[in-house]
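Order-wise, the sequence lines are chains A and B.
Heads up, the first sequence is in the working numbering, so the first residue is 1 and it goes up one at a time.
Heads up, the second sequence is in the working numbering, so the first residue is 1010 and it goes up one at a time.
Treat the hints as calculated values from the structure; they're not laboratory data.
Incorrect hints may appear among the rest.
Distance windows between CB atoms, simulated [claimed, not checked]:
hint : chain 1 : residue 1 : chain 2 : residue 2 : range
1    : B       : S1107     : A       : Q817      : 26 to 32 Å
2    : B       : S1155     : A       : S567      : 56 to 62 Å
3    : A       : G848      : B       : S1350     : 43 to 49 Å
4    : B       : Q1030     : A       : K801      : 19 to 25 Å
5    : A       : Q390      : B       : I1346     : 49 to 55 Å
6    : A       : F904      : B       : E1467     : 53 to 59 Å
7    : B       : I1346     : A       : S305      : 40 to 46 Å
8    : B       : S1350     : A       : P434      : 18 to 24 Å
9    : B       : F1105     : A       : R845      : 17 to 23 Å
10   : B       : D1264     : A       : S570      : 32 to 38 Å
11   : A       : R845      : B       : D1430     : 21 to 27 Å
Away from chain B, derived, C-beta distances all over 10 Å, residues of chain A [to be verified]:
hint : residue
12   : T122
13   : N171
14   : S577
15   : K579
16   : Y651
17   : P691
18   : E692
19   : A723
Where is the CB? At the ideal position from N, CA and C, for every residue including glycine.
Each chain, letter by letter, is given below.
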Amino acid sequence: MRIQTFKLVKTTILVLGLIFSVMSYGQGETRRISGTVTDSENGEPLIGVTIVLKSNPSTGTVTDIDGNYSLQVPDNNQEVLTYSYIGYNTEEVTIGSSSNIDISLELDFQSLDEVVVVGYGTVKKSDLTGSVASVKAEEFNPGPVVSVSSHLQNTAPGVVMTQTSAQPGGNFSVQVRGQTSLLGSNEPLYVIDGLPISNDNVTPGSSALVRYSPSKNPLNGINPNDILSIEVLKDASAAAIYGARGANGVVIITTKSGSERTQVNFTSSLSIQEISNQYEFLTGSEYAQVTNEWSEFLGLEPVFSPAEVRNPAANTNWLEEVSRDNGTIQQYQLSASGKSGDLNYYLSGNYYEHNGLIKNTDLSRFTGRVNLNAQISDMVKVGTNLTLSQTDNSNVHFGDNAGGGNFNGIFTYRDSWPSNVPVYNNDGSYSKHPVVPELNPNPVSLLDISDNSRDTRILGSLFTDFSLTNELSAKVRFGFDYMDSDRGGYVPTSVLTGAQVGGDGELSSNQNQNILSELTFNYSKQLGNKHRISALAGYTYQTFQSEGYNVHGQNFSSETTNINDMSGASVLLPGYSYKQRSKLISYISRLNYDFDDRYVLTATMRADGSTKFGAKNKWGFFPSGALAWKIHNEAFFSSSFIEELKMRLSYGQTGNQEIGNKLSQALYGSTRPFILGSGEQIAIGLAPVRPENDNLKWETTTQYNVGFDISFWSGRIQASIDAYRKITTDVLLNFTLDPTSGFETITANAGALQNHGAELQLKAINTFGGFKWTSGFNVAYNENRWKDRAGLPYANYEIEKGPVQGIYSYVVDGIWQSGDDIANSAQPSSQPGQFRFADLDDDGRVTGDDRELIGQGVPDLTYGINNRLSWRNLELSCFLQGVYGVTKFNYDRASLNNVNDILFGRNKSRQVLSRWTPNNPSNTIPSGIVNTVGDDFRNSQYYENASFLRMRNITLSYSPSIEKLFSSFRIYVDVQNAFTVTEWTGIDPETGNDYPNARTYTLGFDVTF
Amino acid sequence: MIRFKNILTIITFLLLISCDQSLEEDVFDEVSSANFFQSDQDAITAVNSLYVKLRGAGVRTTSDGQAWGLFAQGESIFRVNQDVTDETWTTWAKLFPSGSSGVLESFNFTPFNAGGGIYYMYRDLYEGVSIANNIIANLEDNSAVSASVKNQVLGQALFARGLFYYHLNSLYGEVPLILEPVANPFDTPFQASEEELVISISSDLEQAGQLLPVSYPSNEYGRFTKGAAYALLSRFYLNKKMWQESADAANQIIDDYSLSPDYASIFAPDNNGNPEILFSVLSIAQAGLGNAYLAASAEPDQVAASWGGDRVHQEFYHSFDPADIRRQLLVKTYTSIFDDSEITLDDEDGAVILKYAEDEDHVGPWASNDIVVLRYASVILDLAEALNEINGPNQESIDQINRLRARAFPGDPTKLLNLTDFSSKEQLRNHILNERSWELYYEGYRRDDLKRHGKFIERAQARGRNAQPYHRIYPIPQTYLDINPNQKQNTGY
């Protein structure tokens, strides 16, 4: 079979070569050149190398499976042939008089001349002074992803991405080098093609609890296939150019621009998803049995008759009832790129559709992009980057998330609905909850709720470059980001909560608008042989506006028209609207000085003026400085195998201004309603919203970074090591006020936090035989602690300078057994079958102080391991991602393993079959009788280790050389989430427990004409 | 070259001048303090927020701890004045002894477990004070507001401030007295003396009584009235044993209002406009805007969407004359709405309180019965008590009490009191204390009344509670002691 395949390929190539020969016949005086192309390292033939005539790129061929080629060229000794192959350095050969040209190509290890995008410019990687992680499009996994966030997941050390919900388009939380803020945002600033965007979610939330669903990722509107590279600015030297927005790092996204050769690219993929993991619930019969056992244990009458235990009315798996057999994802992308005269263009269109594992959870998106730039004179270049997208989401109701678990939502099957209840009554109506029929809507009935949102985004910029002199250029940029989102939801009367009010419907609309005007000057000059100076100075002006409104009605005249005819709602509840604007005025400057290619110095300064802050603190100044020492260019340094050895030192300050608007002023806002008059009309007042706060300002992060870049053996092994310390001061904290002030709390800049950590990135390229093996490894360690709590109260058992996300909990020390001397223990009121808690302070009593630090909610270590193995035209790649040292509360297990509330009709895990009973002295699962001391829920048993190692992607791709039909072709299969190694006993250690995580199988292809 | 330089210069220039360089924040959806109190409408809108305060905890949102508030069901003023007395309790106290009901019932409140009502009342009453202070200060020397509106708004704000301080003083004793807007929110004020508080509260209520109208046009019904101001003032003086002042305050309005002919109608779903009501929190059958007192007392199988729990003590139930129609609103047996079975409550748990009759159109627990805060009957009893304290048993006191007994025992003149029945001041005093509870139960009067009669602690001890003399007032919540070093904890805690 394998041999046959190769024969087929060989035949195809021969045929193609023949066709090509015929096509090129008759172009004047020609002669034939033939030869073999091999790998310089091992002499293996290279297959599919593109060979073109430089003077006429339409004349060309590719090497066959033995590395051989043959090409008819004009009979001119000056003609040049270009040999290019992905992953190898391109070679040019003048043909001279020979008719046989054998050539060997050298592997192209990531070159030090690679250009890295930094704020307001680019820099050669070798000249970098700061800590910047760069991810190129080639390194993206080909599997389907809806947002760029997935591409960042642990591929860059120090960037911790956590998917917060597995629903289609679900959100991510992103932290660069740890948490710096408690009340403000901890998300990095995103800059897309030079435009800093606001990453606030624009999709309206739902004011009605019956339609809650976690927010979607705001970056869904940016098509990841259009992205050329992602850079993450991590240290202060790199990020300080973004001043008051740089404290959490900066993610710079650069989209593709026109290529030199005209290319049309089409990619498509189709994926099937299955649920990766789920709980085992009690069967109908077991549920009835356990319920009766519990009643008997409490001395009550049995709830179910023996017949109902033997033959339960149903055996419902509530998850299956609301799930699809499989989720599906399909995507199509067509792009064209090229150059026509002085105009470079990149155009693309993309369609992405994801039908999730749970019914009614769908996402479909269209995006279009136009990137143009044109040299309109020697001195002036104009261009635009423009993208349009429309994303349609349909949502299900997750539940109102009260107390950590979700109630009354589609996932209540876990908690609230036992398996011995059928989905439908005999008459076809939805069954009611057996114990609390007026509170718990049937989970399947919630699928009748319609809840759809449409997000539209127009993001782009127009720019003009002026080359004023050889040294001085200026750039004017006008950028805009417009986001509009409309959401409509209707809870029909077939749903309990809808029936109670005659149908409940809501329409909301939000718009966000971000406008940037920017003028920058760049100056660059070489002074003598040894000195090079470049400088940047600029002014930027950016406004952010958001506004929205909502109408909410009940008791609709027609269920058919529902929210499409709001005038049909006989009850209109108070709606809302809002409008806010903030403004940021900034002056930026940067100086780079390079001495003899040995020392590179960078200094930046940004001044930011923001409307968000108090009258006394409108302007912030953010300086930074960095030095790189290229040791390998020193005369004293000589090494045969070290190509690069560079040390980087940096220091700087950045700020965080993402705290919301209107926090510094004394304002009056609308109150909640009250009733006035004999006619009992709704009336409203205006009351002070919050105390005036003139001193309010940004949070300041001071960061020190030291790093080394090393490259060995012609770049086959590259490593970067960084260590940093970040201290955030003026951290905003909420202080409780004396109530005589009239306000509960005030937000003030007072506390301090610190992060320190280290990062290692390693990359190795090996070749042996015909194999090329590229492996990448990155690991990051971060420790996040309080530095100053600024007098904010904390509990006795808490550590003053402990971890910010520290988890303090009772420690379970087993379960009391029948023979134990409970009366003389530290918890004399307990009974056999209850948790035994450790008396940590040895005071002879289990009290609230018997809690200790048992873990933290953010990982100590995050790591990624990437391996890519290619042999001829086959490539196998896999990406492992892991986090270590993170603890999370497993609400599901705490609730599902506790039979305490089973008489309320709550479902339980099958694990309760082995709970403690007098006849089954379990030492892990308690009896269910509530302890009056300690905590039966929030204790060390249910705070679990959520560390994991996940095979995020395995991809096998095949790129046959059929290049006369296509200039490149690739077909691949990909598995996302193939497996996860973890001690976590819930559904998924990363995304939490609501939406089941998926394993995704993808088949796709990628073709370029 | 020159051309492009010129273009660039122009662009730079335009960029710098076209952009508004001011860093003052634009505000669109809220009103800056500089632009407020500029018209009659502003003043009225500002004073409206005080009415919101009476219903909900946070005037702006429901998310600050609890959604109910001073007079709406929940951790209300009523509860902290009732559940420590011989009048009412809640069965939740048995189920959750460490919950706030259990803490009240067992006299186990401490500065640390002052969560629930004891904590919320302190916080919310001061939030109300702050709103009132802000209105009063902004009306001073304000020429943008007309004199007539200014007087009405001022009257309402003064009444509200008096009401908030009345309860602060009653619940927590010698609390800080703040009468101006607080300039520095981090201020940590000292406590005021009892004398200062008495002067301030009585002066606020007296001024309010002079400024406020006896009644409002129908679209303004529900605002604070003259009657409310003098009723509260009379009650305040009574508590302070300033008998003559109490009688004078009562006499200010005794002829302005009248009793409702029918006792039950005062609390009925259509009680809006009932002549006896001096102030009520208006309610409609809508979430957050309704009356949930019935739902808090009626058993789940008694009235749909109820959760139950509030009861009168059995001794209190049995203290009534069985013929008293006021006891008809307390029930110990009912028919289940689920299966029509007859349910009889355990006698020891007392009786369910159906004072707020069922609203057929209720939405969930929310009913449209206005929540009665002050009514004319209490003024009558205040006057009767004050006159007895001044003169001993006297005909006017007897006549006033008989106005209520005539309504309680319709067509049965034998139940009316005679002056000759009372040989001593103390005998009539004791009767008035009982009469007050029969008339005013579940309306939040009992704690003050027992305290005034010196029986608050004694009766709690008689019920077997661990009550101590210092329990006459509640502790200052520890949270606020931690913040304010100038504040001393009440003695005993």
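Hint by hint, which ones does the structure fall short of? 2, 4, 6, 7, 10, 11, 14, 15, 17, 18
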